[in-house]
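> Listed below are the residues making up each chain.
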Amino acid sequence: MSSSENNLVIKNLSKCFNVNNEEVMVLQNINLDIREGEFISIVGHSGCGKSTLLKIIAGLVDFDVGLVTLGGQELKKPGKERGMVFQEHRLLPWLTVKDNVSFGLYNLSKAEKEKIIADHIDLVGLKGFENAYPHQLSGGMAQRAAIARSLANRPKVLLLDEPFGALDALTRIQMQKEILKIWEKEKTTMILVTHDIDEAIYLGDRIIVMSSRPGTIKEIIPVQLSRPRDRSSHDFGTIRKKIFTEFFKEEETLLEYYL
Amino acid sequence: MDTQPSKAKKKFLRKSETINNKNPSSSFKFWDNIFSYGLLPILIIVLWETATRLNITPAAILPPIEAVYTAFINQINNGEMIADVTVSLTRVLKGYSYAVVLGLSFGSLMGISLRANKIFSSVFNGIRQIPPLAWIPLIILWFGIGEVSKVVIIAKGAFFPILLNTINGIKNTPKGYLEVAELHNISKLDLFRKVYFPSSLPSVFVGLRLGLGVAWAMVVAAEIIASSSGLGYRINDSRALMQSDVMIANMIVIGFIGSIMDLIIRNLAKHFSKWQVS
Numbered sequence: 001m002s003s004s005e006n007n008l009v010i011k012n013l014s015k016c017f018n019v020n021n022e023e024v025m026v027l028q029n030i031n032l033d034i035r036e037g038e039f040i041s042i043v044g045h046s047g048c049g050k051s052t053l054l055k056i057i058a059g060l061v062d063f064d065v066g067l068v069t070l071g072g073q074e075l076k077k078p079g080k081e082r083g084m085v086f087q088e089h090r091l092l093p094w095l096t097v098k099d100n101v102s103f104g105l106y107n108l109s110k111a112e113k114e115k116i117i118a119d120h121i122d123l124v125g126l127k128g129f130e131n132a133y134p135h136q137l138s139g140g141m142a143q144r145a146a147i148a149r150s151l152a153n154r155p156k157v158l159l160l161d162e163p164f165g166a167l168d169a170l171t172r173i174q175m176q177k178e179i180l181k182i183w184e185k186e187k188t189t190m191i192l193v194t195h196d197i198d199e200a201i202y203l204g205d206r207i208i209v210m211s212s213r214p215g216t217i218k219e220i221i222p223v224q225l226s227r228p229r230d231r232s233s234h235d236f237g238t239i240r241k242k243i244f245t246e247f248f249k250e251e252e253t254l255l256e257y258y259l
Numbered sequence: 001m002d003t004q005p006s007k008a009k010k011k012f013l014r015k016s017e018t019i020n021n022k023n024p025s026s027s028f029k030f031w032d033n034i035f036s037y038g039l040l041p042i043l044i045i046v047l048w049e050t051a052t053r054l055n056i057t058p059a060a061i062l063p064p065i066e067a068v069y070t071a072f073i074n075q076i077n078n079g080e081m082i083a084d085v086t087v088s089l090t091r092v093l094k095g096y097s098y099a100v101v102l103g104l105s106f107g108s109l110m111g112i113s114l115r116a117n118k119i120f121s122s123v124f125n126g127i128r129q130i131p132p133l134a135w136i137p138l139i140i141l142w143f144g145i146g147e148v149s150k151v152v153i154i155a156k157g158a159f160f161p162i163l164l165n166t167i168n169g170i171k172n173t174p175k176g177y178l179e180v181a182e183l184h185n186i187s188k189l190d191l192f193r194k195v196y197f198p199s200s201l202p203s204v205f206v207g208l209r210l211g212l213g214v215a216w217a218m219v220v221a222a223e224i225i226a227s228s229s230g231l232g233y234r235i236n237d238s239r240a241l242m243q244s245d246v247m248i249a250n251m252i253v254i255g256f257i258g259s260i261m262d263l264i265i266r267n268l269a270k271h272f273s274k275w276q277v278s
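Taken in sequence, the protein lines are chains D and U. Note that the first sequence covers residues 1 to 259 in my numbering. Note that the second sequence covers residues 1 to 278 in my numbering.
Any given hint could turn out to be false.
Keeping only pairs whose Cα atoms sit at most 25 Å apart, straight-line, the calculated DSS-like set for lysine-lysine is [as the list claims (entries may be wrong)]:
#	chain 1	residue 1	chain 2	residue 2
1	U	Lys270	U	Lys171
2	U	Lys194	U	Lys171
3	U	Lys7	D	Lys98
4	U	Lys188	D	Lys76
5	D	Lys98	U	Lys188
6	D	Lys113	U	Lys188
7	U	Lys194	D	Lys115
8	U	Lys175	D	Lys80
9	U	Lys274	D	Lys77
10	D	Lys110	U	Lys194
11	U	Lys194	D	Lys113
12	D	Lys76	U	Lys175
13	D	Lys98	U	Lys118
14	U	Lys175	D	Lys127
15	U	Lys188	D	Lys80
Facing chain D, according to a computed beta carbon distance under 10 Å, are these residues of chain U, among others [what the hints assert, rightly or not]:
#	residue
16	Ser97
17	Asn172
18	Pro174
19	Tyr177
20	Glu179
21	Glu182
22	Leu183
23	Leu201
24	Ala269
25	Lys270
26	Phe272
Rather than coming from a laboratory, the hints here were simulated on the basis of the structure. For every residue, glycine included, the Cβ atom is placed at its ideal position computed from N, Cα and C.
Turn these sequences into a full structure, and let the hints guide you.
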């Protein structure tokens, strides 16, 4: 039984942007209750506000209406309990992998720092590359280093904004498996934004389907398949079809089918 | 019949080697570079020699290359060259150092803080719009004709390229890195040390090189107007004495020293930009 101690709760969240003196509503009335240790996928068209939602949770963007709490604590500014990974790896090119991973580590003894760095580099499978520079790494490796950096402070929630979007299709599938491994080991709450429906189903415990302009939650689809999931299984296909119809508005009655 | 292909034919063969050969050998590249880089300088020397040998121009206006060389040796022998170089170089280094410290400090401050930028930019822009040469009479009036006024003139001139390029470099720090820094709540010192400053280095070095060029220009101007020593003074003095050979010799020395200093900065820039994928 997971405790409600570190649940991420979003209530009535709304956010407007001022574009050319016009108020554009980017997010409208978002309500979410994410349990500790869950893996949530968010799918939606580009521009539906899903990245903005992540940034609001991370504390990088402020909002107009609503409440965001983690374990009862209100979240306003960035903090150690939330980490984020972006589509670009955003590793500082003048720092080695080691120094990039330890970027946000403060108030620790040298020995403690070294151990955390070594643990996390090992966690993402980059052992041996501690002293490499980002330009010497492949796209997948650089993104792994970025993940290690985001996890170094042991955040309770990890936000991933289309983290594998810049990688080629094969590397993407490899990284999806990796992130599952990391999730199973660290048990961090994961919130992943993607426009890849297969990725959302493969990874998420629940899939949040968002509509755009304004961004609202259209539907929340639970994925109760056991892991590792088979992308070509019948159940996988059923969910895929369900999400498809959410986006492409085919009028059809679907049989709700749970394993 | 032909024992050796003529020089022209050799050049043609090498040219065709570039057209057809996608991977020229390094020795070929070496000779190709010598040919390419050397073509114009050799041409200039040939034209110079021809003009003086055929007496196209009077010796007072265009001295023969030999005369310039002789003047150079004479200046070294009578001690003036070393003294002039020392005096001018000292002034440049002093003024340039002030410009670097002030330029980097204000540049960083104004690049990071919008408020600081607003506070200082109007005054700096105003000063900058008045050409450095127009400032010289006022600076001499205020600081006299001694060393101080020269250093001020040089510092003022070199300050602005360094300032502007530093501001530009810092402002162009990718927002993505700033977001990551915000996310990790890093200290203000680390924000500057690890994000703003390294990101700005390529622009900073451009500013440093431009500033050095201005510093040299300013020292010559300052010495022509109000000095009794230094390379600039010597150039002006030899003009009065119709010694164009001494003049040109000093000009070449200035160009040479400037090139070396520029090369040092370029190599420093390369060393600090190793992380850039070019």
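> Each of the hints needs a verdict: does it hold here or not?
Status of each hint after checking the structure:
| no. | hint | result |
| --- | --- | --- |
| 1 | U:Lys270 to U:Lys171 | holds (21 Å) |
| 2 | U:Lys194 to U:Lys171 | holds (15 Å) |
| 3 | U:Lys7 to D:Lys98 | violated (57 Å) |
| 4 | U:Lys188 to D:Lys76 | holds (20 Å) |
| 5 | D:Lys98 to U:Lys188 | holds (21 Å) |
| 6 | D:Lys113 to U:Lys188 | holds (20 Å) |
| 7 | U:Lys194 to D:Lys115 | holds (22 Å) |
| 8 | U:Lys175 to D:Lys80 | holds (20 Å) |
| 9 | U:Lys274 to D:Lys77 | violated (35 Å) |
| 10 | D:Lys110 to U:Lys194 | holds (19 Å) |
| 11 | U:Lys194 to D:Lys113 | holds (18 Å) |
| 12 | D:Lys76 to U:Lys175 | holds (20 Å) |
| 13 | D:Lys98 to U:Lys118 | violated (38 Å) |
| 14 | U:Lys175 to D:Lys127 | violated (29 Å) |
| 15 | U:Lys188 to D:Lys80 | holds (17 Å) |
| 16 | Ser97 | violated (25 Å) |
| 17 | Asn172 | violated (14 Å) |
| 18 | Pro174 | holds (8 Å) |
| 19 | Tyr177 | holds (6 Å) |
| 20 | Glu179 | holds (6 Å) |
| 21 | Glu182 | holds (6 Å) |
| 22 | Leu183 | holds (5 Å) |
| 23 | Leu201 | holds (8 Å) |
| 24 | Ala269 | violated (14 Å) |
| 25 | Lys270 | violated (14 Å) |
| 26 | Phe272 | holds (9 Å) |
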